[in-house]
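Number of protein chains: 2
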Amino acid sequence: MKTVNIGLIGLGTVGGGVVGILQDHQEDFQRHYALDLRLARVADRNTARFTQLGLDPAICTDDAFALISDPDVDVVIELIGGTGVAKDVVAAALEAGKRVVTANKALMASSGHTLLKAAEDRGVELRFEASVGGGIPIIEPLKHALTANKITRVLGIVNGTTNYMLTHMSERGLSYDDALAEAQAKGYAEADPSADVDGADAAAKIAILASIAFHSTVTIDQVHTEGIRNLSATDVAYAATMGYTVKLLAIAQLTDEGIDIRVHPTMIPAGHQLSSVKGVYNAIYVTGDAVGDTMFFGEGAGAGAAASAVVGDVIEAARALADNNTTLGCTCTDDLPIRPITELETCYYLRMIVDDKSGVLAKMTEVFAAHDVSLDSIMQQGVAHDGTAEIIYVTHRAREEAIRRVLAELEGLDVVTEIAALIRVEAL
Amino acid sequence: MKTVNIGLIGLGTVGGGVVGILQDHQEDFQRHYALDLRLARVADRNTARFTQLGLDPAICTDDAFALISDPDVDVVIELIGGTGVAKDVVAAALEAGKRVVTANKALMASSGHTLLKAAEDRGVELRFEASVGGGIPIIEPLKHALTANKITRVLGIVNGTTNYMLTHMSERGLSYDDALAEAQAKGYAEADPSADVDGADAAAKIAILASIAFHSTVTIDQVHTEGIRNLSATDVAYAATMGYTVKLLAIAQLTDEGIDIRVHPTMIPAGHQLSSVKGVYNAIYVTGDAVGDTMFFGEGAGAGAAASAVVGDVIEAARALADNNTTLGCTCTDDLPIRPITELETCYYLRMIVDDKSGVLAKMTEVFAAHDVSLDSIMQQGVAHDGTAEIIYVTHRAREEAIRRVLAELEGLDVVTEIAALIRVEAL
Chain A
48 MKTVNIGLIG LGTVGGGVVG ILQDHQEDFQ RHYALDLRLA RVADRNTARF TQLGLDPAIC
108 TDDAFALISD PDVDVVIELI GGTGVAKDVV AAALEAGKRV VTANKALMAS SGHTLLKAAE
168 DRGVELRFEA SVGGGIPIIE PLKHALTANK ITRVLGIVNG TTNYMLTHMS ERGLSYDDAL
228 AEAQAKGYAE ADPSADVDGA DAAAKIAILA SIAFHSTVTI DQVHTEGIRN LSATDVAYAA
288 TMGYTVKLLA IAQLTDEGID IRVHPTMIPA GHQLSSVKGV YNAIYVTGDA VGDTMFFGEG
348 AGAGAAASAV VGDVIEAARA LADNNTTLGC TCTDDLPIRP ITELETCYYL RMIVDDKSGV
408 LAKMTEVFAA HDVSLDSIMQ QGVAHDGTAE IIYVTHRARE EAIRRVLAEL EGLDVVTEIA
468 ALIRVEAL
Chain B
48 MKTVNIGLIG LGTVGGGVVG ILQDHQEDFQ RHYALDLRLA RVADRNTARF TQLGLDPAIC
108 TDDAFALISD PDVDVVIELI GGTGVAKDVV AAALEAGKRV VTANKALMAS SGHTLLKAAE
168 DRGVELRFEA SVGGGIPIIE PLKHALTANK ITRVLGIVNG TTNYMLTHMS ERGLSYDDAL
228 AEAQAKGYAE ADPSADVDGA DAAAKIAILA SIAFHSTVTI DQVHTEGIRN LSATDVAYAA
288 TMGYTVKLLA IAQLTDEGID IRVHPTMIPA GHQLSSVKGV YNAIYVTGDA VGDTMFFGEG
348 AGAGAAASAV VGDVIEAARA LADNNTTLGC TCTDDLPIRP ITELETCYYL RMIVDDKSGV
408 LAKMTEVFAA HDVSLDSIMQ QGVAHDGTAE IIYVTHRARE EAIRRVLAEL EGLDVVTEIA
468 ALIRVEAL
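Protein chains in written order, with the numbering used here: chain A, 48 to 475; chain B, 48 to 475.
Hints in this document: simulated from the structure, not taken from any laboratory.
Copies of the same chain are indistinguishable here, so a pair counts whether it falls within one copy or spans any two.
Taking lysine-lysine and the DSS-like style, the derived pairs with C-alpha atoms no more than 25 Å apart in a straight line are:
id: 1; residue 1: K164; residue 2: K49
id: 2; residue 1: K49; residue 2: K197
id: 3; residue 1: K134; residue 2: K164
id: 4; residue 1: K134; residue 2: K190
id: 5; residue 1: K197; residue 2: K164
id: 6; residue 1: K233; residue 2: K325
Required output: the full structure, derived from the provided sequences and hints.
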């Protein structure tokens with residue numbers, strides 16, 4: 048039996064979940080893995096949480112760095128979040144030779160490479176399974192079980208908040224505002240929902256996944272990111288009539304010109320496995336040259352799910368410590384370029400408000416043709432009181448660059464009142 | 048760079064896939080993992096395969112044991128299959144101190160415990176990711192990423208052949224015989240389809256998964272197994288009208304009375320994630336106390352998928368060898384009883400052919416009541432030319448034991464011509 052002392056920094060929702068698992072399953076871990084995982088120190092600035100969780104005052108501190116410098120602590124769990132003090136804490140813990148486990152996607156998506164290098168230099172491990180997909184095992188399968196493959200694509204629904212909103216916009220016709228209000232009332236969205244609805248959360252996660260899958264460092268600022276704030280119920284409804292579901296997809300693809308990486312609302316075929324991922328669930332689709340398509344599905348958030356991943360990482364770190372094993376270093380051995388979004392080639396759904404005059408359609412279609420963008424379908428909706436009509440185009444595969452030129456030119460036409468929506472369509 | 052010499056025994060479809068990956072990705076593995084994986088020896092009784100695969104005659108032998116005793120071979124891959132010579136080969140390789148990778152579900156589901164113990168005693172590793180779910184990472188997540196959980200249930204579609212047949216029985220109304228003929232024509236079913244259609248393949252896989260998930264050895268002979276041979280298109284069609292899909296599920300649940308483990312055709316809600324798993328795809332649903340529900344989906348068979356898992360295991364074994372790491376031993380530390388099928392409590396779909404006389408329904412309903420089996424729904428279908436009618440019952444949750452007594456009594460009634468179907472219904 049090996050005793051491993053854990054220092055836990057950050058007692059929020061996930062931290063509370065971690066405390067619960069360590070308490071409830073201590074005997075199981077002893078019996079199954081010959082590991083005695085002890086919560087040796089906890090740190091939080093909000094000291095009221097110590098008593099709320101019934102923790103022994105002797106192990107509690109409001110100073111994260113005191114915890115890190117405690118020679119008894121073997122594994123440090125960082126659950127502060129963000130890229131400020133959390134970064135200093137992780138760096139200091141690694142420097143002190145501790146194994147570190149974090150759930151911090153923003154940190155890993157911005158400074159992951161530097162921190163992983165620091166861990167490798169010190170011969171310790173930095174684990175971050177909880178940073179993507181809550182409790183869904185996805186980092187570990189990419190780093191281990193799927194290594195025989197050249198991974199060519201990773202994509203998925205990695206933000207539960209927006210998936211909850213999109214599910215209810217789609218199934219109940221809710222507007223964006225109503226869906227957001229409902230998500231906030233249920234505790235799925237924060238008071239300031241920006242990180243979720245504007246796509247930064249998903250962008251961080253796909254940057255992390257791409258880095259591992261393609262063995263090349265990708266940071267959050269390299270991800271072309273569009274959220275769902277401007278998505279209207281109208282387009283969600285049109286998508287359904289055309290056999291599509293709208294999802295906020297995070298997509299990373301390996302192309303001959305580099306890594307194509309982006310987050311945006313996406314129309315996918317209603318029959319695709321990802322279409323049936325509803326509510327706050329997450330699912331990540333991984334395509335490899337040998338394995339074909341695989342999918343990993345589960346709760347993307349919540350205290351239990353995230354704590355499951357955190358404690359799973361702690362057990363791995365503890366096993367390595369018990370066996371004196373060398374741990375897996377960074378495998379970002381390649382240095383691939385990021386393909387600019389303008390070079391993207393996909394299909395596009397465009398909704399425009401136009402004056403209902405004869406010859407409008409012909410005039411617009413000419414613009415598409417002039418830029419070599421061919422059309423898959425055109426749908427004209429009834430005329431409104433103000434004499435405008437709605438026209439929906441779905442293009443065949445086209446370059447984003449060409450689409451942007453088409454839109455600029457269409458906007459210049461006096462018959463075009465508004466370009467109301469552009470949504471990318473992926474056949475998957 | 049660490050050179051690791053691989054000995055591959057068995058050059059069938061999966062073996063050919065393994066050769067392909069090792070050849071195509073040798074440089075990738077060198078760059079990403081600092082591992083030079085060399086195919087040092089291959090063995091097959093069918094020596095024609097050596098030239099078919101373009102292998103250097105100098106590394107080929109028809110004697111598996113010669114390969115094993117070669118001191119240069121570090122990792123042995125066993126792809127012979129079955130429980131005969133494969134068992135001797137794996138045992139001998141472990142005894143010789145080799146790391147062993149196998150895709151052999153029948154072997155692992157019958158002698159896994161003994162072989163894992165032998166590996167542990169010798170301080171080497173026996174890996175078997177490919178034995179369940181083809182290329183889907185499932186063994187490794189259960190052994191690593193999900194260890195923080197008490198796993199309470201593992202269930203899924205783990206046989207691609209029968210799922211292909213059921214998909215087409217459901218979507219196109221094919222009979223069992225036609226679905227089988229089509230699966231055989233497409234190469235998804237063997238000339239002798241018994242192992243697939245009678246459930247033994249699925250039983251082996253769920254025995255392996257249950258052993259890992261519940262930390263308790265379960266062997267294939269402990270799995271209550273019913274295949275799809277007697278499943279009629281009639282019941283598949285009725286299931287659809289009632290909002291269910293019929294799948295061959297492999298189910299393992301932890302109960303207070305022990306492990307409930309079984310393979311049988313099962314009606315599941317049409318809206319459930321598993322319902323949309325079609326064709327030869329596999330999906331495994333894992334429920335843990337912290338993580339909630341997770342699902343792992345992908346191609347359950349095929350050379351590429353299985354080879355992906357095999358080579359993934361080889362890379363893990365090679366990493367451990369390169370780093371001189373201790374490998375994970377058997378964690379079957381518990382010794383849980385298997386709950387007899389008669390103690391199962393679930394819902395049941397029953398279809399009966401009866402004489403269309405007045406009072407029949409009342410007489411039959413009395414039998415259910417006498418054994419405390421309450422009914423969720425009753426559906427009577429039109430009368431046939433011969434004066435018989437079809438009655439379908441779906442029960443509330445009931446004990447299998449009680450259902451069996453009900454059936455025995457119903458069979459004794461002279462108005463009951465035939466008990467045409469019993470299918471268990473799981474709400475999931």
